[in-house]
Structure formats: structure tokens, C-alpha cells
Amino acid sequence: MRGALVSLVLVLATAAMGQQSVSIIHDRIERAQPGDSLSIAAGVYQGNLEIRKPVSLEAQGLVVIDGMGKGTIIDVLAERVTVRGFRIRGSGDSVTGEDAGIRVLAGGAIIEGNTIEDVLFGIDLRESPGSVVRGNTVSGKDLEAGRRGDGIRLWWSHDTMVQGNVVRNSRDMVFWYSENLRIEQNRVTGSRYGLHFMYSHDTVLRENELEGNSVGIYLMYSNSIRLEGNRMRNNRGPSGYGIGLKDCDDIAIVGNALLANRVGVYIDNSPSAMDSTGLFEGNMIAFNEVGVLATPNTHDNVFTANAFVENEEPVATHGRGELHLNQWARDGVGNYWSQYAGFDLDGDGIGDVDYEPQSLFGQMLASEPNLRLFMHSPAQQAIEFTARALPELRPRPVLADPAPLARPPAIEVAMSGARGSGKWMALASLGLLVPSALIVALLGRDRAFAPASTGGGL
Amino acid sequence: MSAQAISVALPRPSIPPTLLGGTWSFARREFRDAMSSRWFVLYTVAFTVLAVGVSFLSLSGSGSHGFAGFGRTAAGLLNLIMLVVPLMALTAGAGAIAGERERGTLMYLLAQPVSRSQILIGKYVGLAVALTCSLCAGFGVSAGVLAWRAGGVGVRSFVVLVGLTILLALAMLSVGVLISVLSRRSSVAVGISLFVWLALVFLSDLGLMAGSLIFKLRVQEIFALAALNPLQSFKMGVIVSMNASLDVLGPVGAYASHVLGDAMPWVLAGSILVWVTLPLTAAMVIFARRKSI
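Heads up: the protein sequence lines correspond to chains A and B, in order.
By the count of the numbering used here, the first sequence reaches residue 683 at its end, each step adding exactly one.
By the count of the numbering used here, the second sequence reaches residue 297 at its end, each step adding exactly one.
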């Protein structure tokens with residue numbers, strides 16, 4: 226509705242203002258001094274814009290730059306350029322040309338508050354250190370997943386801030402060879418990888434929201450990264466992970482929420498170097514099919530004060546194996562497991578029995594993934610029951626938490642739209658109860674089976 | 005005399021002895037019998053108590069966090085439904101004909117001016133309405149608990165769950181009625197229906213698991229074989245309605261989602277519908293062809 230209104234306004238505005246070429250903007254840049262701030266009047270400007278001077282372009286009202294489906298729409302070739310408040314649409318779709326909404330090839334750029342739509346790549350920073358990408362909205366072309374470009378891409382752009390951007394229907398928000406970034410409060414939905422790190426080290430990711438992607442945050446070959454207060458929800462598909470770690474050292478994952486993903490955290494050979502560790506502290510890992518899935522060689526991760534709530538399998542290995550080379554408690558503080566069946570007699574908040582999950586069905590799944598089809602069925606319960614009854618069938622536990630928490634740690638999870646109103650559910654309740662009560666009252670009345678007039682009663 | 009005068013002169017039966025009327029009388033009688041049957045009331049109460057219990061339990065973990073909604077409850081309800089509902093419907097259907105036959109009342113029914121298939125359909129409809137009411141009571145109370153504790157998340161999935169459960173009950177009722185038509189005594193019918201229950205709930209799944217391991221079945225074969233079982237179709241249908249995809253169920257589910265796409269819910273519901281119609285048709289044909297009682 227709102228989108229339709231915006232497009233209507235856009236069409237009307239276009240008709241009213243007429244269309245002009247971007248050469249008007251080119252001419253103004255030509256006349257400007259380096260460092261000048263140019264405010265661009267409302268209107269639709271068609272063509273591809275190149276900025277070769279360090280100027281600041283500010284949109285006054287609704288300023289549309291329309292690439293007309295050809296090439297990259299705005300090319301920033303000079304340092305310290307600002308592009309603020311534009312509506313940028315219609316790049317080409319050449320994969321080899323990597324057509325983008327805004328491509329930045331110099332450092333110190335500020336790309337702020339733009340709305341970029343119908344583009345292959347959204348914002349593409351190449352060797353642009355010290356830039357700021359803030360408050361932009363990017364939605365990709367309507368292409369199948371394999372043909373899409375990245376919503377936001379950084380390539381060798383250290384010390385950059387990426388904050389408060391919204392990316393929809395794109396491939397990744399991806400960071401290549403870029404260090405010391407600040408990635409905050411971005412929101413990525415309906416894309417492949419929400420935040421994707423390749424060989425990018427020493428970065429903090431804070432309070433990003435990643436929903437309905439294939440993977441929420443995928444870190445690959447990237448070290449010393451801290452994830453704090455991010456929310457990953459409903460990231461699904463054949464390789465759906467909330468967080469994926471591939472060959473990453475010294476990762477700290479603290480206070481994040483991983484909800485209803487296929488796999489909450491996928492750990493593939495991380496940490497890989499000697500003397501490095503991975504830390505998982507105070508995360509809410511809830512309602513995932515698998516809470517933590519790890520390759521069997523995984524070692525030296527520390528899990529403490531996390532809440533594992535109602536995951537179908539709390540912890541599983543990829544293939545056979547166990548995860549005893551990781552620490553499931555630190556300084557006497559383990560994790561909360563909603564499946565924990567032990568007790569806390571002395572009331573110190575720590576369960577008196579180790580938590581050692583043993584699931585025969587889980588073990589069967591590890592070697593025969595096809596059997597997952599029989600999840601949620603009574604047959605699964607029958608198998609688990611058999612394993613409990615016959616100790617020789619009982620599998621070895623995949624982990625041992627020596628200090629399981631008796632109560633879930635207080636972890637604040639703010640999710641938008643998670644509750645909804647109970648009105649419709651109450652209505653469903655009434656809609657079921659009232660008609661069935663009526664039917665029982667009407668049909669169940671004690672009346673002769675056959676009407677007396679026919680004389681054939683039983 | 006005018007036509008109007010004739011119609012006034014003749015006494016008008018309150019239920020016309022037409023095809024529909026005859027069937028309807030049998031349906032009402034069956035409904036009342038079911039409502040006054042101790043077993044049926046027991047099943048209803050058990051189902052309601054368990055459904056409410058599962059709703060409460062599944063909310064106790066999530067209620068404090070407030071973002072679970074219905075999805076988790078449904079997973080808990082699934083196991084309960086797959087155990088209780090087929091048992092309820094199979095045994096209800098199993099008593100339908102065999103019980104009357106054993107008590108000797110079937111003779112009186114057949115003496116009524118209605119056809120044999122009308123009797124059967126009447127009995128089926130009566131039991132179906134009774135089962136539906138019983139399930140709606142359980143779900144209704146459970147929905148009330150959810151509305152009170154969890155808010156309105158997942159109403160659509162809930163409605164799909166109720167619909168598929170009723171469809172599953174109708175399918176199992178058909179099977180029960182077929183068993184009943186084939187059995188001389190009601191104890192035999194109930195025995196056979198218990199075995200069928202065991203086979204559908206446990207043996208077929210366990211057998212398919214073993215088969216897929218031993219014969220290295222391919223994913224499409226596993227899916228096709230699993231979808232033959234109305235309980236598996238029901239389960240997959242509920243999960244599809246919650247997640248829009250079956251990737252929850254591993255490679256087989258992902259394959260099915262990929263191949264069937266949006267048609268998936270209809271394929272699964274169709275598989276259950278086949279279980280509603282085929283056994284009932286078979287029962288009708290066999291019952292109508294029987295010369296003896």
C-alpha cells in the first residue's frame with residue numbers, strides 16, 4: 226500500500242517535473258570547487274553519473290537518478306565525496322560489469338540516506354577506506370538467487386562504518402579484506418547471507434537484525450570478530466544457519482539471539498589455529514531445529530551462560546563424533562538447557578547432575594540425514610524410549626556440561642511483532658467451541674429416532 | 005380437488021422418507037449413540053486435557069521470552085494428535101456395523117425402508133460429526149489457553165492444524181468402518197483396528213526407516229512411500245503450514261519442497277483424502293453386495 230502510494234507520487238512528480246539528463250548535475254560538478262556542497266533540485270535525472278571531484282551532493286526533496294537499466298548509476302571516482310538522500314534506481318544487470326547503484330573507488334566517502342532499488346549491486350565500495358555507509362535502503366532486482374548481486378559490498382575498505390542500512394532481496398552484505406569496521410543496526414531480509422565476512426578481521430558487529438535469509442551471519446577465514454546483540458531469526462533452507470563460522474579464530478559471540486533458524490550456530494573448523502579460542506556467552510539459542518551444529522573436529526570453544534531453549538536437537542555434530550574438546554562451562558557456570566532433567570537440591574542455581582544429552586535418534590540422524598523425515602512422529606519417541614530401556618543401545622553423549630544452569634539466564638531479546646494480539650486466537654477458540662456445542666445441543670436432543678408419524682420407530 | 009387441498013388432507017411426516025431423510029435419521033441416531041458412549045466421552049476428555057496440557061507446557065518455556073507463538077505448541081500437539089486421534093476414529097468406526105451385527109440389531113436396521121448404503125453413509129456421517137465436535141472441543145479450549153497466554157501468533161497454522169486433524173480423523177474413521185463391515189464380531193473389529201493403528205503409527209515408520217537404511221532408498225522413493233501413510237502426510241502438511249517449507253525434515257523434505265513447491269499442501273491433503281474416500285467406498289460396495297447380514 227505504502228509502496229503503491231510512493232510510486233504514485235513518484236509518477237505524478239515525474240510527470241510534473243519532466244525528465245532531464247544527469248549532464249545538468251555533471252555541469253554543476255564541473256563548475257564547483259573541491260569541497261563544495263551542491264544541493265540538487267527535485268526531479269528525475271536520467272543517465273549515469275560520474276563524480277570526479279571531492280564534492281558533496283545533497284538531494285533537495287525527491288531527486289531520482291535513473292540509470293535506465295544500463296551500467297552503474299553513480300560512479301564515485303574522487304575521495305571524500307558525499308551522496309545524501311537520493312533515490313537511485315535501474316542499474317544494468319551485467320554480472321561481469323558488476324553494475325551497481327553506487328560504486329565508490331576512492332576513500333572517505335559518505336553514502337547516506339539513499340534509497341536504491343532495482344539494481345544488481347547496491348553500494349559497492351572498492352578500496353575506499355574510512356568511508357561511511359549509513360541509513361540506506363537497498364532492494365535488489367527481481368532475479369533468482371544465483372543471479373543476484375550484493376546489497377552492500379566492501380572490498381579492501383578498512384575503518385569503514387556501515388550503520389542502519391536495510392537490504393532486501395539481495396545476495397549478501399559482504400565484507401572482503403576489510404579490517405576494523407563498525408557494522409551496526411543493519412537489517413537484512415530475504416537474501417542469501419545477511420552479513421558475510423571474507424578474510425576481514427578485527428571488527429565488531431552490533432545489534433544487526435537478520436531475518437529470513439539463508440544464513441544470518443557467515444564468517445569465513447576472518448579472525449578476532451565480536452558479535453554482540455545481533456538477532457538472527459528464521460534463517461532457513463538446506464544450509465540455513467543463524468551464524469556460520471568457517472575457519473575463524475578468536476571469535477566472541479556474546480548476547481545474541483538465535484531464534485527458529487534451521488541451525489542456530491554452525492561451527493566448521495573454528496577455531497582452526499593453535500592457542501585460539503571461540504567464546505559463546507549469554508546467547509539465547511531457542512526454537513532452532515539444531516541449536517549448535519559442529520564438525521566433529523571442533524575444539525577449544527567455550528560455552529557459558531547461554532540459554533538453549535526448546536531446540537529440537539540442542540547440540541549435534543556433522544557426521545559422527547563428539548564435542549568433548551570444547552568447554553561447556555567456564556568458572557563453574559554452564560549453560561541452561563530446557564531439556565535438562567536433573568535437579569538442584571542445594572538451590573545454588575547449578576544442576577547437581579551433569580547435562581549429557583543422549584539421543585539415539587539424534588545419533589542416527591548424524592549418520593543418516595534422510596531419517597530426519599521421521600522427526601516429530603511417534604516413531605521417533607519409540608526409538609528414544611527403546612534406547613532408554615536398553616542401555617546397550619544408548620549412544621555416547623555428544624557433550625557434557627558439568628555445571629548446567631537450573632534457571633534460564635536473564636537475556637533480553639527484543640523482537641518486533643513476536644506477540645501479536647490474542648484476538649484472532651480467541652476468535653478461533655470461540656469459532657470451534659460455539660458451533661460444536663450448538664451441534665451437540667441440537668442433534669443430541671433426546672428425540673425418538675424415527676418420527677412417530679411413520680410408525681417405524683426403533 | 006386442487007393440489008393444495010390434497011397436501012392439506014394428507015398427514016405430513018416431519019422427516020420425509022426420502023433418500024436424504026433416511027440417511028439423516030441414521031446419522032442422528034449414530035451421533036446420539038456416540039455422544040452417550042462412555043468410550044467416546046473418555047476420548048474427548050482425554051484429548052482436551054492433553055491438548056491443553058501440551059499448550060501450557062510448551063508455553064511455560066517460551067512464555068517468559070514471548071516469541072515462540074504457536075510453532076512450538078504445534079510440534080508438541082503433533083505427537084499427541086498422531087497417537088490419540090487415529091485411535092479414537094478407528095475404534096469408533098470399528099464398532100459401527102460389527103457392534104450392531106453382534107447385538108442382532110443390524111437386522112432391524114436393514115428392515116427399514118432405506119438401502120444398505122444409506123445405512124452405512126448415515127452411520128459414517130453421524131460418527132464424523134461426533135468426532136469433529138469432539139476434536140473442536142479439545143482444540144477450542146486449547147486455543148483459548150493460547151489466546152490468553154501467548155497472543156495471536158500463528159492463527160493460520162492453527163486453523164490448518166485443526167482442518168488437517170479433522171481430515172485425518174475422517175480418514176481413520178473410513179478405515180474403521182471398512183474393518184467393521186468385514187468383521188463378524190465387534191471385539192474382532194476393535195482388535196483389527198488396534199493393529200492397524202499400531203501399523204500406521206509405529207510399524208510403517210520404523211519399517212520405512214529400516215528400509216531406507218538397508219535398501220539405500222533415494223529421497224524421492226522415501227517421500228513417496230512416506231506420503232502413502234496418512235499420518236505422515238498429516239504431519240508434513242502441518243509442518244508445511246508452519247514453515248512454508250519442509251527443510252525441517254532434512255534432505256527428503258527439502259527435495260519434496262523443491263519438486264512440489266506450492267502444490268505441496270494440496271498433494272498432502274489429497275493423500276489423506278484418498279484415505280477418506282477409498283476405504284469408505286470399499287466398505288459401501290462390500291456392505292451393499294452382502295446377501296447375508
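Derived from the structure by calculation, the hints contain no laboratory data.
Cβ atoms here follow ideal geometry from the backbone N, Cα and C, with glycine treated the same way.
Just to be clear, a hint being listed does not mean it is correct.
[Stated by the list, open to error] Covered by chain B, per the in silico footprint, the following chain A stretches (three or more residues, Cβ under 8 Å):
1) 457 to 469
2) 590 to 599
[Claimed, not checked] Simulated DEER-style distance windows between Cβ atoms:
3) Arg613(A) with Leu232(B): 42 to 52 Å
4) Ala625(A) with Gly265(B): 51 to 61 Å
5) Trp270(B) with Gly574(A): 48 to 58 Å
6) Tyr424(A) with Trp270(B): 38 to 48 Å
7) Ala625(A) with Thr285(B): 55 to 65 Å
8) Asn83(B) with Arg407(A): 42 to 52 Å
[Claimed, not checked] If you want the ones that stay clear, here's a sample from chain B, every Cβ over 10 Å from chain A, calculated:
9) Gly257
10) Gly265
11) Ser275
12) Thr281
The hints, checked one at a time:
no., hint, verdict
1, 457 to 469, "holds (count 4)"
2, 590 to 599, "holds (count 8)"
3, Arg613(A) with Leu232(B): 42 to 52 Å, "violated, 30 Å"
4, Ala625(A) with Gly265(B): 51 to 61 Å, "violated, 43 Å"
5, Trp270(B) with Gly574(A): 48 to 58 Å, "holds, 51 Å"
6, Tyr424(A) with Trp270(B): 38 to 48 Å, "holds, 47 Å"
7, Ala625(A) with Thr285(B): 55 to 65 Å, "holds, 57 Å"
8, Asn83(B) with Arg407(A): 42 to 52 Å, "holds, 47 Å"
9, Gly257, "violated, 6 Å"
10, Gly265, "holds, 14 Å"
11, Ser275, "holds, 15 Å"
12, Thr281, "holds, 23 Å"
Hints 3, 4, 9 from the list above are not met by this structure, while the remaining hints are.
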